[in-house]
Amino acid sequence: MSDKEKRPDIYLSITTLPERLISDHFKKVYKSFEKQTIPFTKLVINLSVDEFTYVIPEYLKKNKKVILNETKICGPCAKLLGSIRIIPPEALTIVLDDDNIIKETFIKSLYTSYLLNPNKVTSHVIKKREKWTDVYGFCGFIYKTKLLKDIGKFYATQPKCCVKIDDTWLGWCIKKLGIDVVQAQEKNARYTMIDDKASKIHPKWVELWRDTKRKELTKEALIILEARM
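Just so you know, our numbering puts 58 at position 58 of the sequence shown, and the rest follows in order with no gaps.
Okay, derived cross-link-like pairs now, BS3-like style, lysine-lysine, Cα gap no bigger than 27 Å in a straight line:
id, residue 1, residue 2
1, Lys28, Lys61
2, Lys204, Lys215
3, Lys103, Lys27
4, Lys120, Lys149
5, Lys164, Lys128
Taking CB as the label site, the calculated pair distances span:
id, residue 1, residue 2, range
6, Lys160, Thr37, 39 to 45 Å
7, Arg228, Lys149, 17 to 23 Å
8, Lys200, Met229, 35 to 41 Å
9, Glu104, Lys200, 16 to 22 Å
10, Met229, Phe52, 29 to 35 Å
Keep in mind that the hints were calculated from the coordinates and are not lab data.
A virtual CB, placed ideally from N, CA and C, is assigned to each residue, including glycine.
Sequences are here, hints too, so could you generate the full structure?
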């Protein structure tokens with residue numbers, strides 16, 4: 001049996017904003033998904049239709065590898081929570097951002113690391129907290145879908161301060177499910193797995209790292225989440 005035959009299906013899961021979805025930059029991002037040395041099975045684009053109205057480009061509408069998933073989940077966490085119920089439980093899910101142009105070995109890097117810890121969530125970049133470990137969607141994380149099948153139960157009580165710092169909140173949710181987060185083997189993925197120069201060439205739009213008061217929100221979130229742990 002070949003490696004390809006043994007490998008589980010791999011789904012990519014993202015969320016996006018209307019202005020990003022119609023941009024030429026997003027098309028470049030998608031093309032970088034297509035150029036992977038380990039191909040993905042399906043791309044799930046989670047569309048927060050209660051929050052936004054989207055115009056879908058024709059190249060995505062006609063693409064059989066793309067699932068346009070209308071979800072009631074709002075905010076950046078839709079990149080994970082939006083798709084958790086529609087991706088087959090035995091498949092692997094890679095959560096990533098909608099504006100980063102990734103290198104050809106991005107999926108391979110995460111998949112290789114996943115094989116070492118198949119019962120954990122593996123993230124290219126992590127931040128260890130006292131009681132849990134943050135994942136970082138901007139650089140990608142991978143997991144067997146069924147591990148996080150119950151993560152949606154935390155959405156109804158998501159603190160308002162956590163909406164824009166979803167990586168910290170998702171890390172907390174994952175720990176509450178009894179699942180550990182570990183770092184991928186590639187320690188410098190921020191620079192080796194993402195085409196940083198090309199990723200920065202895009203129209204001006206809202207970016208969480210720049211346009212939110214992350215320090216203040218994180219401080220507030222940690223107080224609330226630590227009390228709930």
